[in-house]
Amino acid sequence: MKKTLLAAGIVTLLGSAVTAETIGVSMARFDDNFLTVLRNGMEEFAAGMDGVELQIEDATDDVAKQLDQINNFIASGVDAIIVNAVDTSATEAMSNAAESAGVPLVYVNRQPVNVDTLPDNQAFVASNEIESGTLAAFEACQLLRAAGLAGGAQGYLLMGQLSNQAAVQRSKDVDDILGIDMCNFITLIDRQTANWSRDEAQDLMTNFMSSGEPFDVVFANNDEMAIGAIQAMKAGGMDMADVVVVGVDATQDALLAMQAGDLDATVFQDAAGQGSGAVNAALALAAGEDVDQKVYIPFVLVTPENVGDFLSRN
Amino acid sequence: MAETAHGVGGLKYDHSKRARPPEINVLIALVLIVLVFEALGALLMDQSFLFDTRGRFDSIFNEARLKIIILQVAIIGIIALGVTQVIITGGIDLSSGSIVGATAMIAMSFAQVAEVNGSPNPKAIFGPWAMDLPVTVPILVGLACGVIAGGINGALIAYTKIPPFIATLGMMVSARGVAKWWSKGNPISFPTDEYAAIGAGMTPVFIFIFLAILFHFILKYTVYGKHTYAIGSNEAAARMSGINVARHLVLVYTIAGVLAALAAVVLSAKNLTAQSGMGIMYELDAIAMAVIGGVSLSGGRGSIIGTCLGALIFGVIISGFTFLRLDAFYQEMVKGAIIVGAVVLDQWRQQRNASKS
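Top to bottom, those sequences are chains H and G. Our numbering applies: residue 1 is where the first sequence begins, and numbers increase by one. Our numbering applies: residue 1 is where the second sequence begins, and numbers increase by one.
In case anyone wonders, no lab produced these hints; they're calculated from the structure. Hints may contain errors.
Stated by the list, open to error - Some, not all, of what chain G presents toward chain H, calculated at C-beta under 10 Å:
| id | residue |
| --- | --- |
| 1 | Val34 |
| 2 | Val116 |
| 3 | Gly170 |
| 4 | Thr192 |
| 5 | Thr273 |
| 6 | Asp327 |
All values derive from a computational prediction rather than experimental measurement. We put the beta carbon where it would ideally sit given N, CA and C, even for glycine.
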């Protein structure tokens, strides 16, 4: 009852603001670096347009909370909804809720499980995850070959949260690359999770090194963990020229680590581009226009040669 | 008073009934766990867990592993020192992880360098006035955050009489909010060299050991310590005997807040970055360290030495799992089982002691 009254109040308030398009945004979490860049991308893009208002909520990694937020958006009469899904397998209910209320819905960054059966006024804007881990792993393979290690190289794999689709995919990408003839000279000594975290990666890497096993390459599912590994190796007195380290995300910290010669490769995922793309798709759907249901924004490999182009992008 | 052959008041002193200090049991558990890893290492990996079998170091130990075992628990260990005192008073502190997050963000924004690789710091939070400040500024700012957060916790508990669980739960949620709000979720990176030095190499371990020794003596030999135990054993009795319980609780929670803030400074210095998600779940790890170390959640019992041993057990387990290359999935399962197992054993021992006397 209270909720309905509140919603009614908000609707009246919105009704008085002339022709402003309101988009409700539910982000999986506010405290994730990459998602923050994406969120800022949306906000900046919307701020540059007349009469577009974003109402951004933090789902704090809680599936149930996210669905509640979407229902609240619907109840308060937003023109469109953008969802960065907490759990990509729980999107069916969100699609249903938005569809039955006739509100356009755009999924951003994380691919919903029902991506192939989305209703007409729903879309998905992201980069194709399969590219990212593959680009980084293949670059590492080429660097090792160039360093004359084609006879055999050993490495470690630092994985993100095991419950996360991107972590699973990026780890599989590494496995796939190590499976091709050109790169099967690389063997993984061990793989462990550091939960995307620089701190955990630092400790994990130090633990790896304490076994004294020689290694030539470190694959990390994201840049934060790559940086953690680099810090651990430096603290252990290793020369970063002797080891290939690759990450994914092209965060600012990572790009500066690359400039300093510590990080060998990362993959740029256009977070801000995904954010503005999602807002664009949402506005088009709200205006009743036709939109491609899958909008893919490409990944780009970043190496010391082209790092300068990306410094101000993420 | 009648002296009898059996001693004062007819009570006989029986040496076998004297309780062993609980820390001994924790130490035994630690040694047992190490032995299990040694045995499994010899069996499965053909390597020693703690000893240098490959001639990589000057000593007989694998120094790299000994170091990381302590280093990876030093920061949460600093928090656990404060949490131990809170639990001894019969309270609980759920807010330490969030205080770490908020303090790391705020302190780090006063520790930034003006230039990285020759260009302006891309993560700058404030204008040029806050760049390249002396290292004392971020440290003092950080400690002030701890005083404020811990002080609010203590005041709520002591003067509004709400349960510590609720008061610190509120702080846990609010402080995490502050951490995210401070820079709108953006990470804050690139500290000055002086700030980075706080977390470099084994410095976190030295800070942890220094604080552990300090608080061991404070709890054992000062009025503050005696009052802390007295309140936890029987708060009403403590009040009757003239202890200002409210004031003391504020002090205990403030100290816990300051220790969490200090941990935040060390953590952000070690990682050269502050992120609003830092410290998530640290409160539970800190509580687990204390509980494994024999600190009783019902209050009045426990010690800093116990908590330090609990922290070491944690460190040994983490390193041991990586050493055995155990799949990441199983690590959490086993870790949970060890936490519960340690407390079950401790309960048994206590009941046995109680039935003996």
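Practice problem: Double-check Val116 of chain G for me: the hint is only fine if its C-beta lies closer than 10 Å to a C-beta in chain H. | Solution: With a closest approach of 6 Å, the Val116 of chain G hint holds.
Exercise. Closer than 10 Å between Cβ atoms is the bar; does Thr192 of chain G clear it against chain H? Give me holds or violated.
Key: Nearest chain H Cβ about 15 Å off; hint violated.
Quiz item: Should the interface hint for Asp327 of chain G be scored as holding, given a Cβ-Cβ cut-off of 10 Å against chain H?
Solution: Constraint on Asp327 of chain G satisfied, holds at 9 Å.
Practice problem: Could you check if Thr273 of chain G really has its C-beta closer than 10 Å to a C-beta on chain H? | Solution: Holds. Min distance 6 Å.
Quiz prompt | Restraint outcome when Val34 of chain G is required to lie within 10 Å of chain H by C-beta distance | solution = violated, 14 Å
Quiz item: Is the interface hint for Gly170 of chain G satisfied, with its Cβ closer than 10 Å to some Cβ of chain H?
Solution: Nearest chain H Cβ about 16 Å off; hint violated.
The structure fails to meet hints 1, 3 and 4 from the earlier list, while all remaining hints are met.
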